[in-house]
Structures are given as C-alpha cells and as structure tokens.
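Enquirer: The lines below spell out each chain.
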Amino acid sequence: MLSFKELSRRDFLKICTIVTATMGLPATMIDKVSAALRGKKPTVVWLQFMECTGCTESLLRADHPPLGRFLLEIVNLEYHETLMPAAGKQAEEVLHDVVKREKGKYICVVEGAVSKKDGGVYCQIGGKPAIEILKEVGNKAALVIAMGTCASFGGLQAAHPNPTGAVGVWDVILRDKVINIPGCPPNPYNFLATVGYILTFGKLPELDDYRRPKFAYGRLIHDHCERRGHFDSGRFAERFGDEGHRKGYCLYKLGCKGPATYSNCPSKRFCGVDVWPVSAGHPCIGCTEPNFWDNLTPIYKPIGETEE
Amino acid sequence: MGKKITVDPITRIEGHLRIDVEVEGGKVVNAWASAQMWRGVEVILKGRDPREAWAFTQRICGVCTTVHAIASVRCVENALGMEIPLNAQYVRNIILCAHGMHDHMVHFYHLSALDWVDILSALKADPKKTAELAQSISDWEGNSVTYFENIQKTLKKFVESGQIGPFRNGYWGHPQMKLPPEVNLLAVAHYLTALDYQYKADQVVAILGGKNPHIQTVTVGGIALAINPDSPDAFNMERIAYIRELLLAVKEFTQKVYLNDVIAIGCLYKDWFGIGRGVTNYLAVPDLPLDTKGTRFDLPGGTIFNGDLKSYTPIKSFNDPYFRDNVAESVAHSWYEDVGVRHPWKGETIPNYTGFNYNGKYSWAKAPRFKGEPMQVGPLAQVLMGIASNHPLTMKWVNYAINKAKTLGVNLGVDDLHSTMGRHLARAIRAAMLADLALKHLELLEKNIAKGDYSIWNEVKFPKREIRGFGFHEAPRGTLSHWIVIKNGKIKNYQCVVPSTWNVSPRCEKGKLGPYEASLIDNPVVEPEKPLEVLRTIHSFDPCIACAVHIMDTRGKEIKRVKVL
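For the protein sequence lines, the chains are A and B, in the order given. Numbered by the working numbering, the letters in the first sequence go through residues 1 to 308 in order. Numbered by the working numbering, the letters in the second sequence go through residues 1 to 565 in order.
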C-alpha cells in the first residue's frame, strides 16, 4: 500500500528544490505536482493513441497496488477511455474540464504513439488528430509519463518504414517534462512504482539517457539473468526442446537480446508467478529498447549476428 | 428527416471507434460504424522472417493478447503443412481458455456493466437485502452481509471524497437505468471482486506464456515452453499444480458469480433480449484441437445463415476449404483505394483518407464477407454452433442459463439470444464452458507428460518456392484468421481478418450493413444527448478496434497517395 510522508512543508520544499536543482529540472514542475498532493489524490489524465491497450491491460496484472486500490485510493484518474462510463460528448466534457481546472498540476499518462504525417488523419479521437490532443493536454500537464514503448519511442507502427510517421511523446513534448516507461508492455510495477516514487518522495526517480527510471532500467538483462552462469560456462540451448533447453541453459544461441537490453525482467518478473520469457524457455526480444522491432530483429538470430 | 447523433469516442472498448446514428421517433433508423485509427503496419511485415510474425501481430491488440500470436504461428504452420506436438496444442489450448475467461469477465464487469448498473444508486442499498438476493441467485461463498457492507462503506468514502476518478459524468439516473439499489450494490461489489479473479486467469496465461500481456512462448513449430519434470528450470509439476489451483478458483467465480450475474441482470432487463438483433448470419471456427493436425476440436465452429440453426454447416479442420475459399473483403466504403472485393491472399491495402462521408467512405475498417454475406462473430456465434450441433458442453450451460432464468420468472428461448442481452449471456455461457475445458486440457497435458512425452517443437524449414497458408483461432471476440504468402523463406504478403473487423464492418459494395450497424437499427434512444442505448448495443459485441482495422498489406506496397480534405 503506497503512502506519502507528512513532511513539514519547509522540509518538503527543501528536498524538492535540492533535487530539482541537481537534476536541472525547472523548479516549478515539482511544485506543481506536490501542490496537488495536499490531502487530495493527484489528478491523472490517461490518453490513448496509436496503441494496442496492452499497457493499460498490464495494470490488471498488478497486485501491489491492485488496480481497484490504485483507482479508489491512490490517484484520481479522471480520464481513461477504456474505463470511463462517459462516452462521446460526456467524455469530451470531462477532458476539457480537467485540463482547465487542473492546468499545470495534473499528471498526463500517454499510451501509444502519435502520427505526424498527413495532418494526423491516421488516428483521430472526437474528430481531432492524436498529435493535437497530445500537444494540448501534454503541454498543460505538470508531467508526462510515456507508458510503454509506443509512447516512449514510437513502437510497432514506427517500425520500418513507418508509414504513418509515428513518433513517441518526447518528439512532441519538451523532453524535460517526459518520463519514459518502455516495454511491450512494461512490467506494470515500473509504472506504478514510478508514480509511487513521485508521490512519496516528492521528486522524479533518477533517469537514464533515455529518460527511463534507473530503478527499473538501470541494468542490462544479461547482467542479472539467472542463466548467466550457463552463458559464462558455455552451456547453451541449441533448439527448442533439446536437452540444453530442458535443462534451462542459456538462450543466447536462440537469439536472446538480453545482452543489449536494459530492464528488470529477470529480477522483478511478471504477474506474481515468477516468470519471464527466458525462465519459460524463450529468448528476450529487447522490448524496452528504442526501435527494437528493427534494431533487435530477427528475433531468432543471435545478437552477435544481428544487422543494425 | 431524423436527427443525426455522433458518439466519438465510444469508451469502454479497445481502440478508437466513432458511431453515428440517425434517430427518428425515438428509435435508430440508420447507423454508421467508423474505425478511427490506422497504424499502417501493412508494409512492416513485408520481407521479414515468418517465424517472428507472431511477435509483431500480437501487438495488434493487448486486450486480445495471445490470439494474434496463435493465429500467426498457425498460418505459417499451415503454409508449411506441418503438425505440432500434442503438448504444444494443449498449452496453446489452456492459454485460450484462461485468457478467454479473463477477457469475458473483464468485458462484462469493467467494460459493460456501467451501461446497466447505477453506481450512485448502490449507496442507497440495504446490504442485508443485497446479501439475501445474492444468495438466492448463487451459492458462491463470498456473498455475505459483511462483504456488501464493506463494499458500500468503501464506495461511500470514495464518493464523498469528491474525487471519483473515471466515474465522472456517467449515466447515473438515466431513465433507462432500471436496477433496484440492491442489484446495483451487488454488481458494484462483483465488479471490484472480479478484478481479483481475472488476475488469477492472467496468471495462468503468464505461467504458460512467459509473461502477460503479450506472451512469448508460442512459436512456429510448437511452443518454447521447456517441459521437464526433473529439471529445476523447466515446466514441471510445481507449475502444473499452480495452474490447477488458479483454474479452480477462476472456475468458481466464473460459473457461480459471473454467469449468474449476467442471467440475473439480463432477466431484469429482459426487453433487451428483443433489441439489437441485426445480422443473423453467424461464423465461428472450431478450436481447442485435440490432435497434432487440427482435425478434432473441443469447441465447435461453422456457419449459420438467417438465424436458422438448420442451416448449420461445420468447419471441420485447419485445412477446411469451406472456410478458406469463402472469405473476402470489400473496401467500397473504407478509406482505401477501390481494388474490388478481394480474397485475403490477393488483397491490396492502399490507404486513401477522404474524410467521413455517410454515403461514401467512412471507416478505416474493411468489410469482410463470407459468401458475400456479412457475418456476426463472437461468443454468440460459437454458442449457436454448439446448439445447432448438439455439442454436449454447450448444451449443459445453455440449459443451465435457461433454467436459472426460469427460476427468476423469465422464459428464455434460443431465439432470444439474437440480441444485445443475448450476446452478453452467450459470452458468459462460453466463459463457463472454458472453465471446464481449461481443467480438462490441463489434465490432458499432464497425462501426456506422464507418458514420457516432453516434445514441444518440430523443426521448421522453409522451401524456396512460394507457399501460402491460413491460420484460424476462435478469439474472445470471435473468428480470427491470418493469411500468409511466403517466398524464399520471407513474408511476401500477410493479412489479418479479425473478429472485430467482421463486426465493425462498414457497408460493402452491395450496401449491406455490418453487424454493429444492423444491430443498432430500431434501438430506442430516449435521450439523444445521452445515447446510453447505443453504448449498450455496441458494447455487447465487445469491440476491439485496434484489431478491426486491416493493418497488413498483402503486397508490401508503399502508400501512394493520401488525400486530406
């Protein structure tokens, strides 16, 4: 259960100022987020663009916190097209009201890429191109969290030759304002713990060069994979179902992209049942990395041989 | 001249959907369903390795996760004429069942229930009466007075906070909301509890799939899930036992809570068994193959035309020409260049956005047709195939539902299923079937492993010559098919005809309305500013619009021209 500490306002702001100065962030951003926390749940607006809804679905696979508690007690998620009863005009009214009422104070979560080509006709909601909605709602937010690889880096639709000119959020919104939580979809705890971090510590988590929180993306999969001992000792599976595969040997020769992928899959695993693709027997495909659909494919070709 | 109402965005679905209806005399007289997004993945698969198509196509949809991966590997296996090991079939089958239960349950409670249930009214309910009511419908152990009291307290605190999250501006107090406060409280409570049970179903999929959403153990030739009861790092007895416990818990909730809730709410809204009929041609494909070739199945498939169960024609195998030869797509009213009606192996996709035109092109979705007819797909289609073929497990749960409705004072017949509420009921019936089938296939897997069969994968080798294949899968939203042409071991063409494409289909070249559109005709609309009834009918189909939009180019053509008006 997440909670946030009742610091004195002076101490709280002191921490915020030191941290924001260290990180080179505009001091006003954190002020705006923290101001929203005075006894109330922070307002969140969740936008969905060129996406598959897998990132939203990943929240249904979390139990700390579970989605019920997240919605009822932790955040005030006022706009989310998959969940909200209001539709059409009723939904548009909510979005306009929130953006106006909470201008500069809400957290905007984006799922999906936006299209830059041809006036954005490839994705429209309520008759407006996705990119226009992102600009308006994202620019007025205190902070934008790009949820998933599509929102972070463009994702599937941006794979060669990117027919719709799909891009990630940080190609539209000022980068300093964006946190990327990539993955296809990401481990939901990467998102939930980032929100928890901000609400509890009153600052942004440390980010890498791709604006990904280091607590989730700070280590190569290869460097904390349980099969690393097999890699180091030269024990490999050569085909699915062979003796090495059954013994749980390294999947490098089957195409594993763990050596090129920053993520916490081996340590955090998925769905509370202690699995990730490698533990089940299939190589990592590198889904937290920018342009992995092109840079880290073919999936089954060992990484030493993958073309750039 | 009627009044035109546009609802955009339709919420509580997957994807971007716009619905237009023309209302006259309080009823819908015309309707248009428009898919509002196209991702242009069409050229992306061209030239890539068919063995990894499953990873790309799975990202068509994360609500319908797993299904595009399964259909994809099947179409490549079909092109290669190959069989896969029994263990691989069983693992894919358990994934189908577990994912299906998660998906159907979430659809009813979290995507649809708020069309019928008034959250604010639940605050006025008497928890004691709610418990009595709940216990009269179901013997589920969770329906205690304390349970309902606690939920009501939580709801009260939530509403009083003034920050009610996504539940703002809902249709509370709409004249079409007819449930008494106790039923509203019951539904709200189960909405929250269902979140815990759908999670357990997700966990089953994750154990078998390596992660969820977007599994990563289905692969061309079988599965990548290493099986070895004597290895610490493979699928072993502990994993099997874990799956079993989870499935037993999900079965309880699915059969005792979800199904009974749908029956009860359906009976209280029994008028809605007479609304939303629409297209009564149905298509389902058989699934849960029991052999390595795909000739015997545990879920029935076939076609029914004009609502006449006697017209039932089965689809018999993964190679059945009856299915293979009769699927085609029209783009007459879709934002693509007119290339005529095309079979998926010969289709072309050249996007051409020309704006919304009621009498012309108005959707990114193509119009699939079977023998030239629009077809409704989904759980209702599969349940009707089961009734038509006297499939024992289908009949078990259909009869259960009919008998339960009778105890609640409503006489339901098969004909009532052709409706908005019928679709919800059929989905719950299918979920109850999947609960039984999941455990059956787990046992089949276990017994096969016990025989000493640990095989999971057959070698895949592509010839240089051109080969074609198709793969089908009965997904939670209905019939899914992938179609592939491979040359020199690389993808030359790829096409998906997705269940929601069949259902969200715009008019075809013959002007026949698609299922969503046809089902809206004659729907009441009591308050045009708040067209709740439109949402009810659309949601009954369980729309998935990321799926629906035809996104695979079959010829890898670059986009030639896009007009923006």
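Mixed in with the good hints there might be a few duds.
Below, in silico cross-link-like pairs of lysine-lysine (DSS-like), each with a Cα-Cα straight-line distance of 30 angstroms or less [what the hints assert, rightly or not]:
#	chain 1	residue 1	chain 2	residue 2
1	A	K140	A	K128
2	A	K268	B	K251
3	B	K270	B	K316
4	B	K512	A	K40
5	A	K100	B	K270
6	A	K253	B	K316
7	B	K157	B	K316
8	B	K178	B	K310
Derived CB-CB ranges, DEER-like [said to hold, decoys possible]:
#	chain 1	residue 1	chain 2	residue 2	range
9	B	T292	A	H160	33 to 39 angstroms
10	A	F201	B	E149	33 to 39 angstroms
11	A	R239	B	Y322	54 to 60 angstroms
12	A	D242	B	G142	55 to 61 angstroms
13	A	D242	B	P321	32 to 38 angstroms
14	A	R239	B	P321	30 to 36 angstroms
15	B	G142	A	T200	28 to 34 angstroms
16	B	S311	A	E305	42 to 48 angstroms
17	A	R175	B	K4	39 to 45 angstroms
18	A	F201	B	K490	21 to 27 angstroms
19	B	P463	A	H160	49 to 55 angstroms
20	A	R175	B	G25	54 to 60 angstroms
A few chain B positions that, by computed beta-carbon distances, are all more than 12 angstroms from chain A [as the list claims (entries may be wrong)]:
#	residue
21	W38
22	D49
23	E132
24	I137
25	L192
26	I207
27	D233
28	L268
29	D291
30	T407
31	K440
32	N458
33	E459
Bear in mind the hints are in silico, worked out from the structure with no lab data behind them. Keep in mind that this is a model prediction, so the values were computed, not measured. C-beta atoms are modelled at their ideal positions from N, C-alpha and C, and glycine is treated no differently.
Enquirer: It remains to establish, for every hint, whether it holds in the given structure.
Expert: Here is how each hint holds up against the structure:
1. A:K140 - A:K128: Cα-Cα ~17 angstroms, so holds.
2. A:K268 - B:K251: OK: K268 (chain A) and K251 (chain B) at ~28 angstroms, within 30 angstroms.
3. B:K270 - B:K316: Answer violated: K270 (chain B) to K316 (chain B) is near 36 angstroms, above 30 angstroms.
4. B:K512 - A:K40: violated, 52 angstroms
5. A:K100 - B:K270: violated, 42 angstroms
6. A:K253 - B:K316: Violated: K253 (chain A) and K316 (chain B) sit about 39 angstroms apart, past 30 angstroms.
7. B:K157 - B:K316: This hinted pair is violated, its Cα atoms lying about 55 angstroms apart.
8. B:K178 - B:K310: violated, 36 angstroms
9. B:T292 - A:H160: 33 to 39 angstroms: holds, 36 angstroms
10. A:F201 - B:E149: 33 to 39 angstroms: holds, 36 angstroms
11. A:R239 - B:Y322: 54 to 60 angstroms: violated, 36 angstroms
12. A:D242 - B:G142: 55 to 61 angstroms: violated, 46 angstroms
13. A:D242 - B:P321: 32 to 38 angstroms: holds, 37 angstroms
14. A:R239 - B:P321: 30 to 36 angstroms: Given a distance of about 34 angstroms, which is inside 30 to 36 angstroms, the answer is holds.
15. B:G142 - A:T200: 28 to 34 angstroms: holds, 33 angstroms
16. B:S311 - A:E305: 42 to 48 angstroms: Violated: the Cβ-Cβ distance is about 55 angstroms, outside 42 to 48 angstroms.
17. A:R175 - B:K4: 39 to 45 angstroms: holds, 43 angstroms
18. A:F201 - B:K490: 21 to 27 angstroms: violated, 50 angstroms
19. B:P463 - A:H160: 49 to 55 angstroms: violated, 26 angstroms
20. A:R175 - B:G25: 54 to 60 angstroms: holds, 55 angstroms
21. W38: The claim is violated: W38 (chain B) sits with its nearest Cβ about 5 angstroms from chain A, within 12 angstroms.
22. D49: Contrary to the label, D49 (chain B) does not stay out of reach of chain A, its closest Cβ about 5 angstroms off (not over 12 angstroms).
23. E132: holds, 25 angstroms
24. I137: holds, 23 angstroms
25. L192: violated, 5 angstroms
26. I207: The claim breaks: I207 (chain B) does not keep its Cβ more than 12 angstroms from every Cβ of chain A (closest is about 5 angstroms).
27. D233: Non-interface label fails for D233 (chain B): nearest chain A Cβ at 3 angstroms, not farther than 12 angstroms.
28. L268: The claim stands: L268 (chain B) keeps its Cβ more than 12 angstroms from every Cβ of chain A (closest is about 19 angstroms).
29. D291: The assertion about D291 (chain B) holds, with a minimum of 19 angstroms to chain A.
30. T407: Holds, because the least Cβ-Cβ distance between T407 (chain B) and chain A comes to about 30 angstroms, which exceeds 12 angstroms.
31. K440: holds, 22 angstroms
32. N458: Violated, since 9 angstroms does not exceed 12 angstroms.
33. E459: violated, 7 angstroms
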